[in-house]
Amino acid sequence: MNAKVAVLVYPGTNSENETLRALLDAEVDAELVHWSNAATLANFDAYVLPGGFAYEDRIRAGAIAAHDRMTDAVIEGAQKGKMVLGICNGAQVLLEAGLVPGTGPVRRPTAAFTKNAPSGKFVCKHVYVKLNIAPQRCAITAGLPGEALIPAWAAHGEGRLAGSADHLDEISHGGHLAFVYAHADGSVDDAAVPNGSALGAAALTNSQGNVLAIMPHPERDAWTFNHPFSRDGRSGMTFFHSFAKGLKQQ
Amino acid sequence: MSSRALAITLKIPDNEAFTALRALQRLHIPVAAVERAEVWIFESSLSDEALVEGVRANETLFNPNKHELRVLRDERPRDGEVWIGEQGEDPASRAKLGGKPLAGVTAVRRYTAWLLSGEEGAALPRDQVDLAARGLLCNPAIEKAIL
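Residue numbers (the working numbering), protein chains in the order written: chain P, 1 to 250; chain C, 1 to 147.
Source of the hints: derived by calculation from the structure; they are not laboratory data. Glycine included, every Cβ here is placed at the ideal spot set by N, Cα and C. The reader is advised that the hints may include incorrect statements.
As the list claims (entries may be wrong) - Just so you have them, the derived chain C footprint on chain P, three or more residues with Cβ under 8 Å: (1) 55 to 64; (2) 99 to 111; (3) 156 to 164.
Said to hold, decoys possible - Here are the simulated distance ranges between beta carbons: (4) P:Asn43 to C:Gly99: 48 to 58 Å; (5) P:Asn2 to C:Gly99: 48 to 58 Å; (6) C:Phe18 to P:Thr224: 40 to 50 Å; (7) P:Cys124 to C:Gln87: 45 to 55 Å; (8) C:Arg73 to P:Ala142: 55 to 65 Å; (9) C:Asp90 to P:Gln250: 42 to 52 Å; (10) P:Ala39 to C:Ser45: 52 to 62 Å; (11) P:Ala142 to C:Pro64: 55 to 65 Å; (12) P:Glu147 to C:Glu59: 44 to 54 Å; (13) C:Pro64 to P:Gln250: 13 to 23 Å; (14) P:Ser207 to C:Arg134: 40 to 50 Å; (15) C:Arg26 to P:Ser187: 40 to 50 Å.
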């Protein structure tokens, strides 16, 4: 029987349909689960938290959602080894829930995706993210080649990784820095980073490698009509095919 | 040059405070009411009246249709209150106030104040406010809590 994936819809989530579509196109058995059906989440094998503004970003981006009943199920699933992917606002929720980098207690965040720098303003920009860990380090990236380059759209006002020097060091040296921002040729420097993110971070994983929080949206570069500038053969679907492979091996 | 603190509160229902109340109750913190305010601390050469007038006229800070403004006696939280500020805030840069600076103001600090009350309206004890800050209201990776 196929593994079943829940795409969570909190009040204020807005990217659930394209995220679901990308998963279905990768032949993942996925469906939307709204907040009113949180009790059903235990029946799923993996969870995807899409982008948006869960609970209107009240208090802080992801703060209220991190304490939601749906997130109770996500935390419990993650602790059992189920795959969990958070994209954009979903990534912010996972950091607030303490699941990534996962270096502190649950719901005691040690880092945050916070206000972009230096502008402090919303960024909407086509970007590339480069795999910065061995593919097998994380179940969701295990189907990618080493140093895979994934196109995506950065679309956030709060995507800058921030934390204390000690915690950033832990992220860097603990193998949590899953993807960094890169140029189209794969080179990495500050100019490739759209939001001032510490370590050039675009995505983080936890110690077990079953949870991944990624800020830019690969699902918004999944299909031909999403490629505005080039036809370089790359597609955000590569990321979701890897997710599908990881699911089969779970 | 002197320092003055102003609080800006909503006079319309505060949905964010209500959401915080429900989330804190879910964390088993014995809170019955939450009030939220934006606290602005200004370093300025202005009189109280001129500062208040300037803030009232600054549309990036104050909307007379939905906000109320009061001058605070103290630059610290009251009983039952926690102020959440950004780590690494630059008061001189903050004084630009989103491109609408106030003449005579050289530095600005901003906090979100959360006043937590229990049943009968009594201020929540300090240890419970601390718990609320650690559990929800403050992310210590990017923010600081002042009790």
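Here is what the structure says about each hint:
no.	hint	verdict
1	55 to 64	holds (count 7)
2	99 to 111	holds (count 5)
3	156 to 164	holds (count 3)
4	P:Asn43 to C:Gly99: 48 to 58 Å	holds, 51 Å
5	P:Asn2 to C:Gly99: 48 to 58 Å	holds, 53 Å
6	C:Phe18 to P:Thr224: 40 to 50 Å	holds, 45 Å
7	P:Cys124 to C:Gln87: 45 to 55 Å	violated, 27 Å
8	C:Arg73 to P:Ala142: 55 to 65 Å	holds, 60 Å
9	C:Asp90 to P:Gln250: 42 to 52 Å	holds, 46 Å
10	P:Ala39 to C:Ser45: 52 to 62 Å	holds, 60 Å
11	P:Ala142 to C:Pro64: 55 to 65 Å	holds, 57 Å
12	P:Glu147 to C:Glu59: 44 to 54 Å	holds, 49 Å
13	C:Pro64 to P:Gln250: 13 to 23 Å	violated, 56 Å
14	P:Ser207 to C:Arg134: 40 to 50 Å	violated, 23 Å
15	C:Arg26 to P:Ser187: 40 to 50 Å	holds, 46 Å
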